[in-house]
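Asks: Residue numbers (my numbering), protein chains in the order written: chain U, 3 to 113; chain V, 10 to 122.
Hints are computed from structural coordinates only; laboratory data are not their basis.
Quick caveat: nothing in here was measured; it's all calculated off a predicted structure.
There could be a bad hint or two in this list.
The list that follows gives simulated cross-link-like pairs (lysine-lysine, DSS-like), each with its CA atoms no further than 27 Å apart [said to hold, decoys possible]:
| no. | chain 1 | residue 1 | chain 2 | residue 2 |
| --- | --- | --- | --- | --- |
| 1 | V | 26 | U | 53 |
| 2 | V | 80 | U | 58 |
| 3 | V | 66 | U | 72 |
| 4 | V | 66 | U | 38 |
| 5 | U | 72 | U | 58 |
| 6 | U | 38 | U | 58 |
| 7 | U | 59 | V | 80 |
| 8 | U | 59 | U | 112 |
| 9 | V | 66 | V | 26 |
| 10 | U | 100 | V | 78 |
The chain contents come next:
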Amino acid sequence: GQQVMQIPQYQHVQEGEDFTTYCNSSTTLSNIQWYKQRPGGHPVFLIQLVKSGEVKKQKRLTFQFGEAKKNSSLHITATQTTDVGTYFCAADNTGGFKTIFGAGTRLFVKA
Amino acid sequence: EAQVTQNPRYLITVTGKKLTVTCSQNMNHEYMSWYRQDPGLGLRQIYYSMNVEVTDKGDVPEGYKVSRKEKRNFPLILESPSPNQTSLYFCASSLDWAAAEQYFGPGTRLTVT
Numbered sequence: 003g004q005q006v007m008q009i010p011q012y013q014h015v016q017e018g019e020d021f022t023t024y025c026n027s028s029t030t031l032s033n034i035q036w037y038k039q040r041p042g043g044h045p046v047f048l049i050q051l052v053k054s055g056e057v058k059k060q061k062r063l064t065f066q067f068g069e070a071k072k073n074s075s076l077h078i079t080a081t082q083t084t085d086v087g088t089y090f091c092a093a094d095n096t097g098g099f100k101t102i103f104g105a106g107t108r109l110f111v112k113a
Numbered sequence: 010e011a012q013v014t015q016n017p018r019y020l021i022t023v024t025g026k027k028l029t030v031t032c033s034q035n036m037n038h039e040y041m042s043w044y045r046q047d048p049g050l051g052l053r054q055i056y057y058s059m060n061v062e063v064t065d066k067g068d069v070p071e072g073y074k075v076s077r078k079e080k081r082n083f084p085l086i087l088e089s090p091s092p093n094q095t096s097l098y099f100c101a102s103s104l105d106w107a108a109a110e111q112y113f114g115p116g117t118r119l120t121v122t
């Protein structure tokens, strides 16, 4: 079935360093969503990208959708301890009504 | 307050004892979904519902049932739980299938011994 691969699985950074997580698909995606889950919490929607080559920013977070709509990235500039958690990408299943999530990248930030 | 609620939040049960996890949303959302979360595997969709009386299988439906008799409720039923169904379960809803944002419930931690 359709899969969305997400890397890395874990990332440890020093506060102030940058962080990037990547999602890749072997098939063209109609859109991609990003979610954040704080430790012990539930996933919370961050953003959706739809257009080829789209770039969106939310303060220190930059989201990109690849030109071929097969990959996406989330970049955090100058991480803070409040950024800790797991970041998931998700995509609508092509031709269906399901949602496919990546395995997530867990971010640890050391103060 | 707009929210998705799940009950119970924690449950420890034994193999074979039927259980139901309830999910309710107060946002008049059409699309509802159940996910399980396991370490290293992310969120995997169990079942989803496009609207009342319309449900369909996700990627991991084996061992689970759902129903959607009312728009606000979407219970998850485990007829005969097994240890491999030990997991963290999330219910989610969105305005409709095309809506970008899914709202997640707080999660239900299930342990089957």
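Asks: Broken hints, numbered, in rising order?
Replies: 1, 2 and 7
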